[in-house]
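Colleague: This note's numbering numbers the first residue of the sequence shown as 94 and each following residue consecutively.
It cannot be assumed that every hint is accurate.
To be verified - Below, in silico cross-link-like pairs of lysine-lysine (DSS-like), each with a Cα-Cα straight-line distance of 27 angstroms or less: (1) K388 x K360; (2) K673 x K662; (3) K650 x K660.
To be clear, the hints were calculated from the coordinates, so they are not data collected in a lab.
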Amino acid sequence: MNLNVLLILILLIVAVAIIFVMYAVDEDDNISDYLDESPFSSQLSDKDAIEVEHSDSDSSPEKNRKSPMKILKETVMSVVIEQEPDEDEKSETSDASGKEENNEEFTGSQEELEDDAPIYIEEPEERLISAEPLKTVSHPALLETGGEEDMALQMNLFETIAPPSGISEIEGIALIIQFRFPREEFDNTETLAVLLKKAEEVFFTPLPFEFTSSLSSHLDRLLIFTETPGDIKGRDNPLFEALVTAYEVIRRFRQLLTSEKLLTDAKVKIAAGVAKGPILALQRGFSNSIQWFGKTVYLAETLAEVASDFSIYVDTDIYRETLLLFNFREWKPVMLRQTMPPLPIYELVGWNNVKDIASYASDSDPNVRRMVAVAYRYLELPGMQPLIELLSDKVPAVLEEALKTAVDIASPSVMPLLKKIMPEQKDPAIRAGIIDAIAAAKPIDMTPLLLASLREADWRVRLAAVKALYAVSGKNAVQYIEPMLQDPDNAVRVAVNRILYEETKKQGFFDNLVDFLGDLSRRTSLLAADALLSYDTEASIREIATAFPKMDEAIQKHILRKLEKSKVKNLYKIYVTLFKRSGDNIRPYIVEAVKRSGLG
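Construct the complete structure from the given sequences, taking the supplied hints into account.
Modeller: In structure tokens form, the structure reads like this:
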């Protein structure tokens, strides 16, 4: 009995000891938790708090497991926290907060520390590191490339010197027109600008030939004459064109002096220099703006500089080639510049005697005969015999020039000869030229020949015959022309549609011309463009603008030259449309066309 009682007591003592040990361990955990969660922990940085949080989350399951006593305590406390604290608790809370605010050190027993501890501490809200809210910026809409503003920008860029992008060489004629002002006029810039504008009126009226114009040094104007490969318009001899143009500019300026007292009082003069040879073209920037230079341009500038007032000086090569047409005064060799050897110079005095020129029509040199054929268009040569001789020439180049002259003078006296040589000529180009000459003179008795030509095998002859028949017979020719709508060559069909539209004003013929603008044949597209440009209406020019971007570049340049003379109301908008829809290669020429039209 006593032994049993003793065993029971021993077991009770052991149980009490175990409970005491467990309680002691639990109290150590509570103290540790409290110290970690005490108000003093608020002094830790957010970073440290985050590190502690991560450290806790990374701890082992054993560390995260709570004791039974702790679980019981948290359960009791969670119930108590929902109750309103009494006055004593409020006072204690107030005292505790006061201690926190004063950062006073807490000294007391472990039990007091545990009793004063908050029930739980909420985890701090996560702080997002973010910048100040950005201000809303309204960006302007980007302008579309190729619009009117883009065109204005590129017009400015076109006038700005850009880096060199390439150099090419051509054979041509350089003509320098030099305006000369007294030194005292340079002291008054406003007056000088007015004088220069008045002097340049000699260029306002179109000159008889096409050329490329640019500004040279000082106040000089450089004109370039050349036979450009692939040029659409047939050209006369470039040398002849340059000399005639120089002569015409001097003549116009003399007339201008008689009507402009301002120029006369200021004693403004003019001179010209002409040189022949290779000319270098320097391209600059995306706009392909061209700067002409080289030995030929340099020589032309030098000749203009040393020339007497109202004179035209030329080099030796030009003198030799044009001696049969023009009269020259020869000067002794002089040193024009330090960098040049002494050179003979020749002053162009005027045309040779027309009888002397006519005598060269039978010269043994075909080039001389061709030059006479060209001169015949501008000079009143005695009688038609020299031209008749040239129309009988066996050299195609001479005969072609003679036929062009026959078209220009449109003399009925050459018709018998043309009718005679027509069957003899086998070259379609010559036969077409003969028909063109017949159309210019409009002889009604040539109608049978023209009707027969409508059945020629070569398209060039049929095309010339359609035009000639309408020129000679007018409305009466429509019945013969209309069946040609089925011609196998589209160029001929363009000519027929053009005539029928002009006579009937039916929209179908106009629409056919529009369709031919996109033809793969260059000649067909060109003829269709010429037809629509000739109408010069809002509708026709709009159709041109629509087809323009896909056309051959040579045709595009041809269209731009024609558009310069257009009278349509919205021409500037047409230019803007062309500029917007075209490639960079043609845009500089559009800019030039705008300027020459007086719209830029």
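Colleague: All hints are to be evaluated individually against the structure, with a verdict given for each.
Modeller: Taking the hints in turn, this is what the structure says about them:
Straight-line distance between C-alpha atoms of K388 and K360 comes to about 31 angstroms, which puts the hinted pair past the 27 angstroms bound. With a CA separation close to 19 angstroms, the supplied pair K673 and K662 stays within the 27 angstroms bound. Taking the CA atoms of K650 and K660, the gap is near 18 angstroms; set against the 27 angstroms cutoff, the hint holds.
In summary, the structure is inconsistent with hint 1 from the numbered list given earlier, while agreeing with all the others.
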